[in-house]
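Engineer: The lines below spell out each chain.
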Amino acid sequence: MDVLIRNWDLIWHGFVETLALVSLSFICALALGTAVAILRVSPMPLARGLGTVYVEIVRNVPAVVVFFFTVFVLPQLGISLPYFTLALIALTVYYGSFFAEAVRSGFNAVPTGQIEAGRALGLRLSKIMTKVVLPQAFRNIIPPVINVFIAMAKVSAIAGAFGVGELFHSLNILVDREPQSVLMVLTIIALLYLVITVPAGYVASVVERKVAYAR
Amino acid sequence: MKTPKFYDEPGPRTQRVLLGWSFPIGALVAIAAAYVLFQLNAKGQLDPRNWSILLNADLAGLLLEGLINTLKVAAVSIALSIVFGVLLAVGRLSPNPWVTRFTAVWIEFFRGLPLLILIFFIYLGAPSVGLPVDTFWSLVIGITLYTSASLGDIIRAGVGALPKGQTEAAMAIGLPRTKILRLILVPQGVRIMSPSLISQLVILVKETSLGFIVGYTELLRNGRSAVEFLGSEYALPVYVAVAAIYLVINLTLSQIARYLDKEGSPVRKTVGKTKTLQPID
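So the protein lines, in turn, are chains Y and V. Start counting the first sequence at 1; every next residue gets the next number (our numbering). Start counting the second sequence at 1001; every next residue gets the next number (our numbering).
Chain Y on its own, in the form it takes in the complex (with noise of 0.2 Å):
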């Protein structure tokens, strides 16, 4: 217990680090997954292209491909940034991807019939989206959405091999400085990482079974 004590700082760093890398990219990723697959359903067909293409290449790379290519291509590009930015960068690209198809299977869920009465109004692509799908799509889709929010949360770790100071940085670092204890600073830092996808797996689970009621 000790060990907790004398590295909390560490620790406790470590912990808003990675609350602050997941809650910014899982904001970005949103907006970008939302952008992209509105660009899927569009009337010109270019628009689509890129959507399918960006969706189809990220999905199929592991993401600590695109965090080498966020980290090690970007500078190249003469684009200089703090770690914790190239990992935001990386993380949204990634989970856009995710969101993209969440958000489409979203819209997927909007009743046909809504969509077409839409259409019969005369009402255009971008008041269609704003004024009937995007509000119920985005009710629909609460539970995935908040599984990728729980994914991401996992896979920021991966951003601590790659120079952000978050929590998997803080094990790295304590394990280095308490080599007896190492079996307890693995159990801490995996409790708080429990602490915050298991609460979020609850409240998916809640609102679940909320919606299923609602229809």
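Check each hint, because a few of them may be wrong.
Said to hold, decoys possible - Calculated cross-link-like contacts (lysine to aspartate or glutamate; reagent style DMTMM-like; alpha-carbon spacing at most 25 Å):
(1) K127/Y / E116/Y
(2) K210/Y / E101/Y
(3) K127/Y / E101/Y
(4) K131/Y / E101/Y
(5) K1072/V / D1058/V
(6) K210/Y / E1108/V
(7) K131/Y / E1009/V
(8) K1262/V / E116/Y
(9) K131/Y / E208/Y
(10) K131/Y / E116/Y
(11) K127/Y / E1009/V
(12) K1164/V / E208/Y
(13) K1072/V / D1134/V
(14) K1179/V / E1168/V
(15) K1262/V / E208/Y
What the hints assert, rightly or not - In silico contact screen, one side only, chain Y against chain V (beta carbon under 10 Å); selected entries:
(16) P43
(17) M44
(18) F68
(19) I89
(20) T197
What the hints assert, rightly or not - The following label-pair restraints were derived from C-beta to C-beta distances:
(21) I79/Y / F1229/V: 23 to 29 Å
(22) A117/Y / W1051/V: 24 to 30 Å
(23) L1055/V / H13/Y: 44 to 50 Å
(24) L1175/V / V207/Y: 51 to 57 Å
(25) L1064/V / L183/Y: 35 to 41 Å
(26) G1020/V / V203/Y: 23 to 29 Å
(27) H13/Y / S1225/V: 29 to 35 Å
(28) G163/Y / A1033/V: 25 to 31 Å
(29) A31/Y / A1027/V: 21 to 27 Å
(30) A1027/V / Y83/Y: 41 to 47 Å
(31) P1097/V / I5/Y: 53 to 59 Å
It is worth saying that the hints were derived from the structure and are not from the lab. Here the structure is a predicted model, which is why all the values come from computation and not from measurement. Note that beta-carbon positions come from the ideal geometry of N, C-alpha and C, so glycine has one too.
Once you have looked at the hints, place chain V on chain Y.
Structural biologist: Okay, now just chain V, sitting in the frame of chain Y:
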């Protein structure tokens, strides 16, 4: 289900308008791409001499060795995960409340942890209790613990989607619980959920890249070693090659999955709906 059309079929005038907009947008994308390529060229990244390194037999051999190691981890993990996944699903469905609760907690625990932490737990934790474990096995055991929990949850959801009448009928003719599970419930549950299951396995192949962080000589790690050995000007070609290999593997697996889904599953609409539990990672 196909996404419904948000727009009326474009008539001739709209088609011209859309085509008109395609040009500026296409031009913007082309300019962005050109900027990226120009910057890369200015740093000498697009030098053909650098890219010809991909034809180097040694590099190809190194990447191939990495690829084989990746596939080794994937194959062993898939086999073990399926075995333990089915066991966990059966445990979750057990009539014994202690078994059910324990399995539920197990599944929640191993799904809530980052895979990277699991792998490190085994890599660092096992030696401290006296069990020597190398990078291969820490990777495999970590991935198996994580994936078997996911598969167990998916299979359980599949079995839950079956009509209760099947279990009741089986019990009525006197089948013991193990036979009910083995002959009736699990095969159908697996068949219903096969898209999700295969998605999870595709994700597993991607997760093997985490071996890079523990030092296992899989594809990405070998790529990185190659760059360190050859020099950083070869970074872009090598990593693009690595990414391309991953792309090809995963797209192939997804295509196989889609093919199996169409050909393998009997079209029986009466056996409950297919649940689209898309695993996300």
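Engineer: Now look at each hint and say whether the structure bears it out.
Structural biologist: Okay, the hints, checked on the actual structure:
1. K127/Y / E116/Y: Roughly 13 Å separates the two Cα atoms, so the pair holds.
2. K210/Y / E101/Y: Roughly 23 Å between the alpha carbons, so the hint for K210/Y and E101/Y holds.
3. K127/Y / E101/Y: holds, 21 Å
4. K131/Y / E101/Y: holds, 21 Å
5. K1072/V / D1058/V: It holds: about 21 Å lies between the C-alpha atoms, which stays within 25 Å.
6. K210/Y / E1108/V: holds, 21 Å
7. K131/Y / E1009/V: holds, 21 Å
8. K1262/V / E116/Y: Not satisfied, since the Cα-Cα distance of roughly 30 Å exceeds 25 Å.
9. K131/Y / E208/Y: holds, 24 Å
10. K131/Y / E116/Y: holds, 14 Å
11. K127/Y / E1009/V: holds, 17 Å
12. K1164/V / E208/Y: holds, 22 Å
13. K1072/V / D1134/V: It holds: about 14 Å lies between the C-alpha atoms, which stays within 25 Å.
14. K1179/V / E1168/V: holds, 13 Å
15. K1262/V / E208/Y: Not OK: K1262/V and E208/Y at ~29 Å, beyond 25 Å, violated.
16. P43: holds, 4 Å
17. M44: holds, 5 Å
18. F68: Hint holds; F68/Y Cβ to chain V Cβ min 6 Å, cut 10 Å.
19. I89: violated, 14 Å
20. T197: Result: holds, 4 Å to nearest chain V Cβ.
21. I79/Y / F1229/V: 23 to 29 Å: holds, 27 Å
22. A117/Y / W1051/V: 24 to 30 Å: Because 54 Å falls outside the window, the suggested range is violated.
23. L1055/V / H13/Y: 44 to 50 Å: Holds: the Cβ-Cβ distance is about 47 Å, inside 44 to 50 Å.
24. L1175/V / V207/Y: 51 to 57 Å: violated, 38 Å
25. L1064/V / L183/Y: 35 to 41 Å: Since L1064/V and L183/Y have Cβ atoms about 38 Å apart, the given range 35 to 41 Å holds.
26. G1020/V / V203/Y: 23 to 29 Å: violated, 46 Å
27. H13/Y / S1225/V: 29 to 35 Å: At roughly 32 Å between Cβ atoms, S1225/V and H13/Y fall inside 29 to 35 Å, so the hint holds.
28. G163/Y / A1033/V: 25 to 31 Å: For G163/Y and A1033/V the Cβ distance comes to about 28 Å; the hint holds.
29. A31/Y / A1027/V: 21 to 27 Å: holds, 25 Å
30. A1027/V / Y83/Y: 41 to 47 Å: Once the Cβ atoms are compared, 34 Å apart, the range 41 to 47 Å for Y83/Y and A1027/V is violated.
31. P1097/V / I5/Y: 53 to 59 Å: At roughly 38 Å between Cβ atoms, I5/Y and P1097/V fall outside 53 to 59 Å, so the hint is violated.
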